[in-house]
Amino acid sequence: MDCTIEKFAGVTYAVAAGRLDFDSANDFQAKLVDAIADVAASGGALVIDCTELAYVSSAGLRSFLVAARTAKAKTVALAVCGLSAGVQDVFEMSGFHRIIVIRPDRAAALQELGVA
Amino acid sequence: MTTIDYNDGVLTSSDRLLTEAQSDPMDMLPTAKLLVVDDSRMMRMALIRALKDLGISNTEQAANGAEALEKLTQESFDVVLLDIEMPVMGGLEMLTVLKQKPRGFAPPVIVVSGDDQIETAVACIEAGAEDYLSKAFNPTVLRARITASLERKRLRDQEAESHRALIAEHERLEQTQRRLRGELDDAANFVRSIFPPPCDLPLAVDWFQQSSTELGGDAFGYHWIDDDNFAVYLLDVCGHGVGPALLSVTAINQIRTDGLPNVDMRDPGAVLSAMNNIFLMTKQNDLYFTLWYGVYNKSSRTIRHASGGHPPALLLCPDGSGEFSVRRLIKSSFMIGAFEDEIYEYETEAVPEGAILLVPCDGCFEIEDTAGVEVTYEDFEEVMRCTGDQPDALDGLFSWAKARHGPGPLDDDFTIVRVRL
Numbered sequence: 001m002d003c004t005i006e007k008f009a010g011v012t013y014a015v016a017a018g019r020l021d022f023d024s025a026n027d028f029q030a031k032l033v034d035a036i037a038d039v040a041a042s043g044g045a046l047v048i049d050c051t052e053l054a055y056v057s058s059a060g061l062r063s064f065l066v067a068a069r070t071a072k073a074k075t076v077a078l079a080v081c082g083l084s085a086g087v088q089d090v091f092e093m094s095g096f097h098r099i100i101v102i103r104p105d106r107a108a109a110l111q112e113l114g115v116a
Numbered sequence: 001m002t003t004i005d006y007n008d009g010v011l012t013s014s015d016r017l018l019t020e021a022q023s024d025p026m027d028m029l030p031t032a033k034l035l036v037v038d039d040s041r042m043m044r045m046a047l048i049r050a051l052k053d054l055g056i057s058n059t060e061q062a063a064n065g066a067e068a069l070e071k072l073t074q075e076s077f078d079v080v081l082l083d084i085e086m087p088v089m090g091g092l093e094m095l096t097v098l099k100q101k102p103r104g105f106a107p108p109v110i111v112v113s114g115d116d117q118i119e120t121a122v123a124c125i126e127a128g129a130e131d132y133l134s135k136a137f138n139p140t141v142l143r144a145r146i147t148a149s150l151e152r153k154r155l156r157d158q159e160a161e162s163h164r165a166l167i168a169e170h171e172r173l174e175q176t177q178r179r180l181r182g183e184l185d186d187a188a189n190f191v192r193s194i195f196p197p198p199c200d201l202p203l204a205v206d207w208f209q210q211s212s213t214e215l216g217g218d219a220f221g222y223h224w225i226d227d228d229n230f231a232v233y234l235l236d237v238c239g240h241g242v243g244p245a246l247l248s249v250t251a252i253n254q255i256r257t258d259g260l261p262n263v264d265m266r267d268p269g270a271v272l273s274a275m276n277n278i279f280l281m282t283k284q285n286d287l288y289f290t291l292w293y294g295v296y297n298k299s300s301r302t303i304r305h306a307s308g309g310h311p312p313a314l315l316l317c318p319d320g321s322g323e324f325s326v327r328r329l330i331k332s333s334f335m336i337g338a339f340e341d342e343i344y345e346y347e348t349e350a351v352p353e354g355a356i357l358l359v360p361c362d363g364c365f366e367i368e369d370t371a372g373v374e375v376t377y378e379d380f381e382e383v384m385r386c387t388g389d390q391p392d393a394l395d396g397l398f399s400w401a402k403a404r405h406g407p408g409p410l411d412d413d414f415t416i417v418r419v420r421l
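If you're matching them up, the sequences are chains A and B in order. Per my numbering, the first sequence starts with residue 1, numbered consecutively. Per my numbering, the second sequence starts with residue 1, numbered consecutively.
It is possible that some hints are incorrect.
To be verified - Here are the simulated BS3-like cross-link-like pairs (lysine-lysine), alpha carbons at most 27 Å apart as the crow flies:
{"hint": "1", "chain 1": "B", "residue 1": "Lys-101", "chain 2": "B", "residue 2": "Lys-71"}
{"hint": "2", "chain 1": "A", "residue 1": "Lys-31", "chain 2": "A", "residue 2": "Lys-74"}
{"hint": "3", "chain 1": "A", "residue 1": "Lys-7", "chain 2": "A", "residue 2": "Lys-72"}
{"hint": "4", "chain 1": "B", "residue 1": "Lys-283", "chain 2": "A", "residue 2": "Lys-72"}
{"hint": "5", "chain 1": "B", "residue 1": "Lys-402", "chain 2": "B", "residue 2": "Lys-283"}
{"hint": "6", "chain 1": "A", "residue 1": "Lys-72", "chain 2": "A", "residue 2": "Lys-31"}
{"hint": "7", "chain 1": "B", "residue 1": "Lys-283", "chain 2": "B", "residue 2": "Lys-298"}
{"hint": "8", "chain 1": "A", "residue 1": "Lys-31", "chain 2": "B", "residue 2": "Lys-33"}
{"hint": "9", "chain 1": "B", "residue 1": "Lys-283", "chain 2": "A", "residue 2": "Lys-74"}
Derived by calculation from the structure, the hints in this document are not laboratory data.
Start from the sequences and build out the full structure, keeping to the hints where you can.
The structure is reproduced here in structure tokens:
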């Protein structure tokens, strides 16, 4: 899978694409943790844009779990957007919709985070 | 008497090799051991004298190729000076014999040829000789030829030693690989041995399990809690390999041996809540697992079920016309180990006569097909709705998954348990 970090109008976007499974979770997790540290230092918010994320395994969810915990510890505003139906199912099946803000698109995510 | 051949005063590429590879080649001369092969005793003496002048005193001699081969069999030499025309066995014939010998048997051979034997000397070089020298040799050229050959011998010996070391290392790695494979096989056999065998009575249960690597992270079980309650459970540790397999076995044993103190094993919510606190990922090397746990109550024909991040189980219910309708059994919360003190709850589902319970792991349907399209739970559900009651339905499901995936092993472990209720 690929993850690119973009910054726009004070908001950091982690754009995820491809398949997130156990093998790719570590790299993705590291990028998210770095991005959270960056946001914690410079301010703003982090939105993980999953529009191009085709698949997440339950093992791959670890990246989001660690990101949610790290963001909470550093009081960084975090939201996820653009989940496909299949990825949304995995999030809900695993209870992740209870710990991470999930919105349909970037605009809704920004509104939820209060940075729109 | 040695004559000087000025025509042979030009250094060859062998001599250049020498200057590049050996900073002080003269050091090699006193310890070198040479074999001089010539049918002319006078020529042998002349060569041995010239060699002595160069500082090489360790020399042996042979009067023909056969004698030389005999000596090469008995002791090792650094360089052979070889005449071409000799009785019994000439130089070219001896080189032909040497070519058949194993690599490293013979040292470099310098052919000593007369000026009228240049074509034969060329044939000798083609037959494996390293270099040639005119019988009317110049001492400087003799030294250059010999030191170049000695250097080649040294490099060849070094290469042979490296090769031997490499072979030994390769063998050591292969042994380690065989040992590790054996241990992985033992571990895989152990994991399989804790899976209960398929059974027919009082409930018919069968299953299909295929790990994507030697050791998977899936484990499952089923057992009667008491005369009226039958537990079915399947867990899937994130990842594959030794660590996840160890966790999967430990966790499944906790359930199958009723190893949860003060927990009513008939209460799926209580079981998952207890498992969650025992197997917190922060204490399990950051590994967590998903778990589906159901309890079928025979008297009431109901099933209680709960899930920690696991995909739904399917209940195939006969619709009276020979077909099945499907119900998803899902009451899901966080995967097991994610959050301490999470309370898991269960739901209850009525089980009609002739129903079939199918408990899959996500590897049964989370597959990227040959066109790059993600297979979905709905695809899996439809396959099971149409074929789930057939005797070979689970093997058929695996074949379907493999066909969708294309060549090569599946990316994830594939496990499914079926219970005819």
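Okay, the hints, checked on the actual structure:
1. This hinted pair checks out: B:Lys-101 and B:Lys-71 have alpha carbons roughly 14 Å apart, not beyond 27 Å.
2. Taken as a hint, the A:Lys-31 and A:Lys-74 pair is honoured in the structure, with Cα atoms around 16 Å apart against an allowance of 27 Å.
3. Taken as a hint, the A:Lys-7 and A:Lys-72 pair is honoured in the structure, with Cα atoms around 21 Å apart against an allowance of 27 Å.
4. For the hint linking B:Lys-283 to A:Lys-72, the alpha-carbon distance of about 20 Å falls within 27 Å, and the restraint holds.
5. Simply put, B:Lys-402 and B:Lys-283 have alpha-carbon atoms about 36 Å apart, too far for the 27 Å limit, and the pair is violated.
6. Taking the CA atoms of A:Lys-72 and A:Lys-31, the gap is about 16 Å. The hint holds against a cut of 27 Å.
7. Proposed proximity of B:Lys-283 and B:Lys-298 is contradicted: the alpha carbons are some 37 Å apart, above 27 Å.
8. Pair hint A:Lys-31 plus B:Lys-33 does not hold up; C-alpha atoms about 65 Å apart against a cutoff of 27 Å.
9. For the hint linking B:Lys-283 to A:Lys-74, the alpha-carbon distance of about 22 Å falls within 27 Å, and the restraint holds.
Violated hints for the displayed structure, listed by number in ascending order: 5, 7, 8.
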